[in-house]
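Asker: If you want the building blocks of each chain, they are given just below.
Protein chains: 2
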Amino acid sequence: MRVVIARCEALYSGRLTARLPLATRLLLVKADGSVLLHSDGGSYKPLNWMSPPCSLAVQTPGAEAEARGVTEVWAVQHAKSDDRLVVELHEVLHDSVHELGLDPGLVKDGVEAHLQALLAEQIEVLGDGHTLVRREFPTAIGPVDILAKDPAGGSVAVEIKRRGDIDGVEQLTRYLELLNRDPHLSPVRGVYAAQEIKPQARVLAEDRGISCVVLDYDAMRGVDDVESRLF
Amino acid sequence: MRVVIARCEALYSGRLTARLPLATRLLLVKADGSVLLHSDGGSYKPLNWMSPPCSLAVQTPGAEAEARGVTEVWAVQHAKSDDRLVVELHEVLHDSVHELGLDPGLVKDGVEAHLQALLAEQIEVLGDGHTLVRREFPTAIGPVDILAKDPAGGSVAVEIKRRGDIDGVEQLTRYLELLNRDPHLSPVRGVYAAQEIKPQARVLAEDRGISCVVLDYDAMRGVDDVESRLF
DNA sequence: TAGTGAATCTCGATC
DNA sequence: GATCGAGGTTCACTA
Numbered sequence: 001m002r003v004v005i006a007r008c009e010a011l012y013s014g015r016l017t018a019r020l021p022l023a024t025r026l027l028l029v030k031a032d033g034s035v036l037l038h039s040d041g042g043s044y045k046p047l048n049w050m051s052p053p054c055s056l057a058v059q060t061p062g063a064e065a066e067a068r069g070v071t072e073v074w075a076v077q078h079a080k081s082d083d084r085l086v087v088e089l090h091e092v093l094h095d096s097v098h099e100l101g102l103d104p105g106l107v108k109d110g111v112e113a114h115l116q117a118l119l120a121e122q123i124e125v126l127g128d129g130h131t132l133v134r135r136e137f138p139t140a141i142g143p144v145d146i147l148a149k150d151p152a153g154g155s156v157a158v159e160i161k162r163r164g165d166i167d168g169v170e171q172l173t174r175y176l177e178l179l180n181r182d183p184h185l186s187p188v189r190g191v192y193a194a195q196e197i198k199p200q201a202r203v204l205a206e207d208r209g210i211s212c213v214v215l216d217y218d219a220m221r222g223v224d225d226v227e228s229r230l231f
Numbered sequence: 001m002r003v004v005i006a007r008c009e010a011l012y013s014g015r016l017t018a019r020l021p022l023a024t025r026l027l028l029v030k031a032d033g034s035v036l037l038h039s040d041g042g043s044y045k046p047l048n049w050m051s052p053p054c055s056l057a058v059q060t061p062g063a064e065a066e067a068r069g070v071t072e073v074w075a076v077q078h079a080k081s082d083d084r085l086v087v088e089l090h091e092v093l094h095d096s097v098h099e100l101g102l103d104p105g106l107v108k109d110g111v112e113a114h115l116q117a118l119l120a121e122q123i124e125v126l127g128d129g130h131t132l133v134r135r136e137f138p139t140a141i142g143p144v145d146i147l148a149k150d151p152a153g154g155s156v157a158v159e160i161k162r163r164g165d166i167d168g169v170e171q172l173t174r175y176l177e178l179l180n181r182d183p184h185l186s187p188v189r190g191v192y193a194a195q196e197i198k199p200q201a202r203v204l205a206e207d208r209g210i211s212c213v214v215l216d217y218d219a220m221r222g223v224d225d226v227e228s229r230l231f
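Residue numbers (this note's numbering), protein chains in the order written: chain L, 1 to 231; chain W, 1 to 231.
It cannot be assumed that every hint is accurate.
Treat identical chains as interchangeable: a pair holds within one or across any two.
[Unchecked claim] Computed cross-link-like contacts, DSSO-like style, restricted to lysine-lysine with a CA-CA straight-line distance of at most 30 Å:
#1 80 - 198
#2 198 - 149
#3 108 - 45
#4 198 - 45
#5 30 - 149
#6 149 - 45
#7 30 - 80
#8 30 - 108
#9 80 - 45
#10 30 - 45
Hint data in this document are derived by calculation from the structure and do not stem from the laboratory.
Let the sequences and hints guide you as you build the complete structure.
Answerer: Have a look at this one:
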């Protein structure tokens with residue numbers, strides 16, 4: 001990992017064209033050749049970057065660039081596409097290289113998968129008398145998050161999202177259309193379950209006869225904790 | 001901007017829980033207090049991070065942590081949520097601070113907006129005799145990218161994407177349903193225009209009577225250049 | 001390898 | 001501030 005602080009300009013051309021005016025920035029060159037240009041703010045996204053696989057060629061500036069004060073040019077070329085990042089360095093304020101080694105990587109726990117597991121365990125959240133048929137119930141266009149039965153013996157297809165957007169309603173609608181073609185299952189009711197359901201999504205869902213359930217993640221996790229202590 | 005290279009572990013808890021085992025990493029502390037942990041590979045996304053607004057508190061390790069070799073603890077707390085990142089530093093290999101100043105920011109050029117402008121200018125790409133009604137034609141659920149008339153006087157609603165995914169077909173379907181309720185416009189035909197149309201999106205579109213048009217960005221830009229030279 | 005869906009998405013425009 | 005759509009999305013998983 002090479003860490004450089006420099007006054008620089010940059011030009012990116014690829015899926016779009018973008019320009020960074022002259023300013024002092026952090027330049028990172030990673031072991032795989034990728035390059036990141038960061039400012040002293042914003043989020044984790046760099047101002048500009050080049051993803052691997054790519055190669056960095058350090059060049060001497062042309063006469064015109066030299067006249068503008070450029071002392072060094074980094075030409076970063078993507079290996080497979082014609083994406084290209086050209087950084088013109090005016091002044092290097094810091095330059096150091098560090099051996100980091102391979103990273104063991106991030107270990108994650110719990111997102112939508114966790115919500116799905118919790119709801120499968122606590123399927124009565126859908127209403128008394130509901131029973132789980134199975135998680136990831138397969139259909140021709142992909143698995144439905146949860147298939148359940150209501151007390152009357154009717155099928156219930158559940159789509160789970162962390163944030164209930166309009167897309168999830170469309171997704172569930174496609175599943176329902178398919179599932180309702182199966183005489184063994186039909187009629188299949190739809191339930192849209194999310195930690196938070198956007199107003200537009202709720203309107204669309206209810207317009208299509210899909211009921212909405214807001215999941216309380218902390219409460220469900222709390223019940224889960226209690227259960228795991230008991231059993 | 002503070003740049004630190006250190007052997008460290010990290011724990012994030014917030015919207016999910018994640019752990020980073022002991023390894024040597026780059027730690028960045030930006031002027032707004034945000035923290036980024038980068039490995040020597042991957043993309044521009046850090047292994048872990050804390051977005052602003054947040055505050056960094058440097059603490060001395062407890063007895064248990066000290067026994068594990070921790071020399072310093074960074075507790076990064078988000079100002080508004082309960083997101084929290086705890087970094088346990090075992091060994092600091094580099095530590096420097098740099099004044100970067102405000103960044104003038106990125107100047108972008110050309111994406112979907114450009115495609116829309118080009119297609120509006122070259123509406124005959126849809127077929128001879130087509131005329132533009134207007135860009136961003138308003139509907140109750142948002143503006144349609146382009147509304148046009150075909151030679152027979154029928155309305156044509158155009159949805160433009162850079163990459164034609166299934167989502168765009170759903171979006172256009174919703175627009176068409178609404179537009180077709182308007183007796184002044186009905187019947188409205190749908191056209192899905194993109195630089196690249198995914199097979200599944202094409203199948204769904206054609207199943208719904210929506211025609212697909214693949215846009216040649218370079219060719220359209222070329223025509224545009226010629227036109228701008230001529231006029 | 002291509003396609004699909006999620007993301008601690010981020011970012012910008014618009015209401 | 002909330003919402004919605006786009007992204008040089010990136011990332012992980014799967015057929």
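Asker: Each hint needs a verdict: does it hold in this structure or not?
Answerer: Status of each hint after checking the structure:
no.: 1; hint: 80 - 198; result: between (40 Å within a copy, 21 Å between copies)
no.: 2; hint: 198 - 149; result: within (26 Å within a copy, 35 Å between copies)
no.: 3; hint: 108 - 45; result: both (20 Å within a copy, 15 Å between copies)
no.: 4; hint: 198 - 45; result: both (27 Å within a copy, 28 Å between copies)
no.: 5; hint: 30 - 149; result: neither (52 Å within a copy, 52 Å between copies)
no.: 6; hint: 149 - 45; result: neither (45 Å within a copy, 42 Å between copies)
no.: 7; hint: 30 - 80; result: within (18 Å within a copy, 33 Å between copies)
no.: 8; hint: 30 - 108; result: both (24 Å within a copy, 25 Å between copies)
no.: 9; hint: 80 - 45; result: both (22 Å within a copy, 20 Å between copies)
no.: 10; hint: 30 - 45; result: both (15 Å within a copy, 12 Å between copies)
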